[in-house]
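Asks: Each chain is listed here by its residues.
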Amino acid sequence: MTGALDRLPGAAPTSSAAVIEIEGLVKTYRSRRRGSRRALDGFDMAVPAGQVHGFLGPNGSGKTTTLRTLLGLVRAGEGRMAIFGQPVPRALPEVARRVGAIVESPQFFGNFTGRRTLRLLARTGGVPMRRVDEVLETVGLADRAGDRVKGYSLGMKQRLAVASALLKSPDLLILDEPANGLDPAGIREMRDLMRNLVSSGATVLLSSHILSEIQVICDSVTIISKGRRVAAGPVADVLASQDKGEYRIRVGEQDRAATLLAEAGATVRAADGHLVVAGAPEPAWITQTLGGHGLWISELTSVAPDLETVFLQLTEEVAA
Amino acid sequence: MNLVRAELARLFGRRFTKIMLGVVVLLLLVIGFGLASSSHKHNAQTRAQALAQIQQMRAQVQPEIDAQRADCEAQQRGEASANAPKFPPGFDCSQIQAPDFSPTEENLNNFQPHQFVFRTDAADTLMVMGFLLALLGFAVGASFVGAEWSSGGMMNLLLWRPRRVPVLFGKLATLLGGMLVAGVVLSVAWLAVVYGIARVRGDASRITSGLLTSLALTDARALTLMLFATAIGFGIASLGRNTATALGLAVGYVIVLEIGTRIVLQLTAVSRPERFFLSNYMLAWLAKSQSYLDESSCRRKAAAGVAVNCEPTQWTLHMNQSAVLGGVLVAVVLLWAFVSFRRRDIT
Numbered sequence: 191m192t193g194a195l196d197r198l199p200g201a202a203p204t205s206s207a208a209v210i211e212i213e214g215l216v217k218t219y220r221s222r223r224r225g226s227r228r229a230l231d232g233f234d235m236a237v238p239a240g241q242v243h244g245f246l247g248p249n250g251s252g253k254t255t256t257l258r259t260l261l262g263l264v265r266a267g268e269g270r271m272a273i274f275g276q277p278v279p280r281a282l283p284e285v286a287r288r289v290g291a292i293v294e295s296p297q298f299f300g301n302f303t304g305r306r307t308l309r310l311l312a313r314t315g316g317v318p319m320r321r322v323d324e325v326l327e328t329v330g331l332a333d334r335a336g337d338r339v340k341g342y343s344l345g346m347k348q349r350l351a352v353a354s355a356l357l358k359s360p361d362l363l364i365l366d367e368p369a370n371g372l373d374p375a376g377i378r379e380m381r382d383l384m385r386n387l388v389s390s391g392a393t394v395l396l397s398s399h400i401l402s403e404i405q406v407i408c409d410s411v412t413i414i415s416k417g418r419r420v421a422a423g424p425v426a427d428v429l430a431s432q433d434k435g436e437y438r439i440r441v442g443e444q445d446r447a448a449t450l451l452a453e454a455g456a457t458v459r460a461a462d463g464h465l466v467v468a469g470a471p472e473p474a475w476i477t478q479t480l481g482g483h484g485l486w487i488s489e490l491t492s493v494a495p496d497l498e499t500v501f502l503q504l505t506e507e508v509a510a
Numbered sequence: 002m003n004l005v006r007a008e009l010a011r012l013f014g015r016r017f018t019k020i021m022l023g024v025v026v027l028l029l030l031v032i033g034f035g036l037a038s039s040s041h042k043h044n045a046q047t048r049a050q051a052l053a054q055i056q057q058m059r060a061q062v063q064p065e066i067d068a069q070r071a072d073c074e075a076q077q078r079g080e081a082s083a084n085a086p087k088f089p090p091g092f093d094c095s096q097i098q099a100p101d102f103s104p105t106e107e108n109l110n111n112f113q114p115h116q117f118v119f120r121t122d123a124a125d126t127l128m129v130m131g132f133l134l135a136l137l138g139f140a141v142g143a144s145f146v147g148a149e150w151s152s153g154g155m156m157n158l159l160l161w162r163p164r165r166v167p168v169l170f171g172k173l174a175t176l177l178g179g180m181l182v183a184g185v186v187l188s189v190a191w192l193a194v195v196y197g198i199a200r201v202r203g204d205a206s207r208i209t210s211g212l213l214t215s216l217a218l219t220d221a222r223a224l225t226l227m228l229f230a231t232a233i234g235f236g237i238a239s240l241g242r243n244t245a246t247a248l249g250l251a252v253g254y255v256i257v258l259e260i261g262t263r264i265v266l267q268l269t270a271v272s273r274p275e276r277f278f279l280s281n282y283m284l285a286w287l288a289k290s291q292s293y294l295d296e297s298s299c300r301r302k303a304a305a306g307v308a309v310n311c312e313p314t315q316w317t318l319h320m321n322q323s324a325v326l327g328g329v330l331v332a333v334v335l336l337w338a339f340v341s342f343r344r345r346d347i348t
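Just so you know, the sequences run in chain order E and Y. Just so we're aligned: the first sequence equals residues 191 to 510 in our numbering. Just so we're aligned: the second sequence equals residues 2 to 348 in our numbering.
Rather than coming from a laboratory, the hints here were simulated on the basis of the structure. Keep in mind the model is a prediction, meaning the values are calculated, not measured. Beta carbons: idealized from backbone N, C-alpha and C, even for Gly. Treat the hints with care, as some may be off.
Short, incomplete list of chain Y residues facing chain E, as computed with Cβ under 7 angstroms [said to hold, decoys possible]:
id, residue
1, Ser152
2, Trp161
3, Arg164
4, Val168
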């Protein structure tokens, strides 16, 4: 696939297999009362094909604005965007058939049943009616499809929203906080659903606050803060970029051990009855250094950062 | 076509549309019941009673009138008695005449109970229906798009059909088409009810092709008024992104302009104040024209010292003026709504 952006002068190299490409996106909201606020400030993103791509950011960082701009709901001030290599929003009418999306929590008419809601959408988009029952089954709403939406719980409404996004059998699924209101079983079902979609060749862009969930399910991530990309790439790479090579050790005579390691060139700090050692070339070096002085380690683990830690580090750095 | 079918299903599937249609049907039924219960069919017996009443009135009134004329003539000759009523010198006593108590059709009708006559009264009932349909159209039009905005349905729809102008146009066209069909069905049913009332409780005679054509044109104007109101309700709600904007504006207009300004204009004696109110243009549109008396014309003459027995000037609002005003209003509101919808951020 040749992205539309690749042809633009000065465009940054993007993945040839990127389903979504965003470059230099700027959006400023102007209000007479509140003045102007820059929601996106030169934001870049590339979502590789056939993956679940996590989209992370604190509240107000620009996630929803990015999705809305990508889907033509909000007009960008500057920047270029493409979906399936087609420049958007101009080509949205052509690519919309291949894109299923929920942005924030869509509301539906309370007096319509779930099935009727989906049938109307299917009719609007020219989707075969048989898809309605299929997606109701997929999201686990088949038993309650005849009930009015106003009687649905938050989680059921969320399932209905996901069902509406699945109606078109999309090649690209954009989900903004799909786990809102879902119970643990629902979250697990959602995770399985996304995995199944990806295994069938689709791409999922998932915006969520549940970082543990993102870490489990996503192949790659983009982290946004204050309207700018602060990290992007495969999850493992993003985590590795913030890995400081620290080890947590438990040892008798903790103060003496700290002194010995510091004298040997490591940086040591105490934490919760452990020592956290940084700057050690490898774990064996710690064992060797302390063992040489008759101190024996009872526990040694690598301190690998999780996504939450990385997220907080990156976004706090930008905020500072 | 898919969009139109889906929008039609949305329009008539919504509870608000059903309730508003039900309310209009109920109001029409109440009006029909009022018409039927207040109408009494004329027959030979009521006619004979009217004739007898006319003759009785003539027998009572004629001697009194003759006596008054005799007094007048006596006064003019200078022979009046002291107790007789005074007439101005030179008064033409032949002007003192008894009312016409001849058994004409008009007199016979006046002396019989009220009867609903299809030939003369059906058009008025269509005009009443036109006002009700206009209210229905405004409310349904506003709610149809307003609810989509406030529920997030509009955003969802644009994710499926990311062509803003065709989407809004499709919604509007579907709404107007749906309302037109509903209006035609309602007005035909209403005319049938009115005809039935005339047949059973009044007079349904002398229905000519000319009358039917005239009624069809009145109905067409009533339906056009409904479509205009529907489009304006739709446009305002689309601009305000909710139903309440349109309904609030309508209530505000009625309170501030139709009631408040009317009082102010009367107090300040503005010339032809009726020209400032939409309701008068609506009435003129339905009735083809509406005439008013310009009370201020006499005040102006009085101020100039020439107001002796002044007759206020009559002036008329014609349906052409209503058509121009309505057309401009609809065009401005819809143009504004479409331009705004095309440009705005949907958040």
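Asks: Which of the stated hints cannot be reconciled with the structure, identified by number in ascending sequence?
Replies: Number 4 only.
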